[in-house]
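Use the sequences and the hints to build the structure in full.
Number of protein chains: 2
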Amino acid sequence: MPHKVGFADICNAHQRIAPHVHRTPVLTCSSLDKRLGAGVFFKCENFQKTGSFKIRGASNALLSLTKEEKNRGVITHSSGNHAQALAHAARSEGIKATIIMPSNSTPVKMQAVAGYGADIRSCDPGQESREAVCREVQQETGSVFISPYNDNRIIAGQGTAALELASDMPDLDMLLVPVGGGGLLAGSALAAKGVNTDIKVIGTEPETANDAYQSFRKGKIIPVTRPDTVADGLRTSLGILTFAVISEQADDIITVSEEAIILAMRYVWERMKIIIEPSSAVPVAALMSGNINVRNKQIGVVLSGGNVNLDQLPWMQHV
Amino acid sequence: MPHKVGFADICNAHQRIAPHVHRTPVLTCSSLDKRLGAGVFFKCENFQKTGSFKIRGASNALLSLTKEEKNRGVITHSSGNHAQALAHAARSEGIKATIIMPSNSTPVKMQAVAGYGADIRSCDPGQESREAVCREVQQETGSVFISPYNDNRIIAGQGTAALELASDMPDLDMLLVPVGGGGLLAGSALAAKGVNTDIKVIGTEPETANDAYQSFRKGKIIPVTRPDTVADGLRTSLGILTFAVISEQADDIITVSEEAIILAMRYVWERMKIIIEPSSAVPVAALMSGNINVRNKQIGVVLSGGNVNLDQLPWMQHV
Numbered sequence: 001m002p003h004k005v006g007f008a009d010i011c012n013a014h015q016r017i018a019p020h021v022h023r024t025p026v027l028t029c030s031s032l033d034k035r036l037g038a039g040v041f042f043k044c045e046n047f048q049k050t051g052s053f054k055i056r057g058a059s060n061a062l063l064s065l066t067k068e069e070k071n072r073g074v075i076t077h078s079s080g081n082h083a084q085a086l087a088h089a090a091r092s093e094g095i096k097a098t099i100i101m102p103s104n105s106t107p108v109k110m111q112a113v114a115g116y117g118a119d120i121r122s123c124d125p126g127q128e129s130r131e132a133v134c135r136e137v138q139q140e141t142g143s144v145f146i147s148p149y150n151d152n153r154i155i156a157g158q159g160t161a162a163l164e165l166a167s168d169m170p171d172l173d174m175l176l177v178p179v180g181g182g183g184l185l186a187g188s189a190l191a192a193k194g195v196n197t198d199i200k201v202i203g204t205e206p207e208t209a210n211d212a213y214q215s216f217r218k219g220k221i222i223p224v225t226r227p228d229t230v231a232d233g234l235r236t237s238l239g240i241l242t243f244a245v246i247s248e249q250a251d252d253i254i255t256v257s258e259e260a261i262i263l264a265m266r267y268v269w270e271r272m273k274i275i276i277e278p279s280s281a282v283p284v285a286a287l288m289s290g291n292i293n294v295r296n297k298q299i300g301v302v303l304s305g306g307n308v309n310l311d312q313l314p315w316m317q318h319v
Numbered sequence: 001m002p003h004k005v006g007f008a009d010i011c012n013a014h015q016r017i018a019p020h021v022h023r024t025p026v027l028t029c030s031s032l033d034k035r036l037g038a039g040v041f042f043k044c045e046n047f048q049k050t051g052s053f054k055i056r057g058a059s060n061a062l063l064s065l066t067k068e069e070k071n072r073g074v075i076t077h078s079s080g081n082h083a084q085a086l087a088h089a090a091r092s093e094g095i096k097a098t099i100i101m102p103s104n105s106t107p108v109k110m111q112a113v114a115g116y117g118a119d120i121r122s123c124d125p126g127q128e129s130r131e132a133v134c135r136e137v138q139q140e141t142g143s144v145f146i147s148p149y150n151d152n153r154i155i156a157g158q159g160t161a162a163l164e165l166a167s168d169m170p171d172l173d174m175l176l177v178p179v180g181g182g183g184l185l186a187g188s189a190l191a192a193k194g195v196n197t198d199i200k201v202i203g204t205e206p207e208t209a210n211d212a213y214q215s216f217r218k219g220k221i222i223p224v225t226r227p228d229t230v231a232d233g234l235r236t237s238l239g240i241l242t243f244a245v246i247s248e249q250a251d252d253i254i255t256v257s258e259e260a261i262i263l264a265m266r267y268v269w270e271r272m273k274i275i276i277e278p279s280s281a282v283p284v285a286a287l288m289s290g291n292i293n294v295r296n297k298q299i300g301v302v303l304s305g306g307n308v309n310l311d312q313l314p315w316m317q318h319v
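Order-wise, the sequence lines are chains U and S.
Letter by letter, the first sequence follows residues 1 to 319 of this note's numbering.
Letter by letter, the second sequence follows residues 1 to 319 of this note's numbering.
Mixed in with the good hints, there may be bad ones.
Copies of the same chain are indistinguishable here, so a pair counts whether it falls within one copy or spans any two.
Stated by the list, open to error - Here are the simulated lysine to any residue pairs, SDA-like style, with alpha carbons at most 20 Å apart:
| hint | residue 1 | residue 2 |
| --- | --- | --- |
| 1 | 34 | 117 |
| 2 | 297 | 170 |
| 3 | 34 | 116 |
| 4 | 67 | 258 |
| 5 | 109 | 171 |
| 6 | 109 | 65 |
| 7 | 4 | 71 |
| 8 | 34 | 114 |
| 9 | 34 | 20 |
Hints were generated in silico from the structure; no laboratory data involved.
Model, not experiment: these values are computed from the prediction.
Pasting the structure below:
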């Protein structure tokens, strides 16, 4: 029976990756606090290396490999932040990385991955094609597959952001994080409750990609069929490992509309003067929705990343 | 003969305003450091109250008023950051503020000023109309005029950002700040050299609004006639008081192109994930231009503000 991921794994991951990632700052926003009557503490993973928290899981996974596995190289499929993170972490460790990227990936992301020295292979868009090409190349090269989320080493690594936040702010009542494949939510729930058993951990998800919301309520994985959300980091569905942790550890999952995501993203840009990607705006939208009782509470939020196409901002698409 | 503003005034201003403004963080950018072969330390006044350093001077000026002057209220003309700063500082002190704003000011800035409870009076665009309406209303109301830059209390207040930066980073070789009316440059030069006499202080200015560059070289004020720059905070010309300090204290003034400003602004957004306005990008553009010898140097930069119209970004105007 495989080892079940727990708080100790997150603490070990933190020890392992600390020299390789930034300890990101915690920021506040007085106008939001005033509006909510609460204290909100933002863990700024948009300032993290490669622009998102994904470097935490990728670094932990790579640093956990045996020497023999490192020599074989690593492979993954991703159009987004995991691709950049794995490519960056692999370069730091001198490991060969192959990234399967859908042909419709944005050029700037492909350039970033190539810039980190990874070998990019193109595939047709769509989960099936990605996985098929990945398996094929993996068999050809013998590389070790590193899942974007469905891997205990990834879950443990992603939990280190919440570990730092809960250590910096020990009086949090609640922690909100976005949920896509579930690596961040699973790791964050284990980390936060490891520091403080009373903290409520809530996953936040776009209404139009609400597989985690449905899966959490029905007690089984309900994959999302046609995710159509501006939050491009949250279009994936939960995996077996992330679902297992989330159903046990998370207190709730709530959803927000596309309009609320875009408004929250713009609010953070205007008030906090920091760049967050739409996925990061999902927990902020949940806070601003009025659907959570936040009054007089201390609330942590993980701002998961800041990788945005500056030529195409979501509030401009409808002009 | 009026008191000449000096380092002691900046230290006094800092004592006075510290409870009323943020001590803003100092950030770095590893990709820029690598590119330049230097260490650059960004003083983030974009995170300051009201989104710019202007609250420092405005607070210092208002806190320096006599009780009788406070009762009379204050007045200024500004379409931008000084308007918001003065309105905010006046509200905090319970002082009535009247702001003369050109009729073509952006609605979002007028809303912000109105939101701080200031009385807005509209005027025709252009420096002459602004000043004429301001004098008229001042005579009618007896309010105290607070210049955006040509006032020793303002100069002393603006210098407190550089004072904090030079205290946090005592080994700076060089300090770069944008120059418009010159309050920030004058105050920064006095502050930085007060902490460390060897530091070089350089003003940076758009080529298309190069009055400070010309005035510095010719030894007399040469006002800019048709400033046409994306850096909307730097369209004003030096005043008598700011020019006097700058000619004595600044080491150089260098100019940058519009294209370089926009590229530098976008670079900071993409790499640092923070929102800066075009004026803040001017010293960054100067660093990236290759026209300053920065190799192996420790360089301070004041990012003056982050108030941007998110519906109209400069790299989109030419699409």
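Evaluation of the provided hints:
{"no.": "1", "hint": "34 / 117", "verdict": "between (46 Å within a copy, 17 Å between copies)"}
{"no.": "2", "hint": "297 / 170", "verdict": "within (13 Å within a copy, 39 Å between copies)"}
{"no.": "3", "hint": "34 / 116", "verdict": "between (42 Å within a copy, 15 Å between copies)"}
{"no.": "4", "hint": "67 / 258", "verdict": "neither (45 Å within a copy, 51 Å between copies)"}
{"no.": "5", "hint": "109 / 171", "verdict": "neither (38 Å within a copy, 37 Å between copies)"}
{"no.": "6", "hint": "109 / 65", "verdict": "neither (26 Å within a copy, 54 Å between copies)"}
{"no.": "7", "hint": "4 / 71", "verdict": "neither (27 Å within a copy, 69 Å between copies)"}
{"no.": "8", "hint": "34 / 114", "verdict": "between (44 Å within a copy, 18 Å between copies)"}
{"no.": "9", "hint": "34 / 20", "verdict": "between (36 Å within a copy, 17 Å between copies)"}
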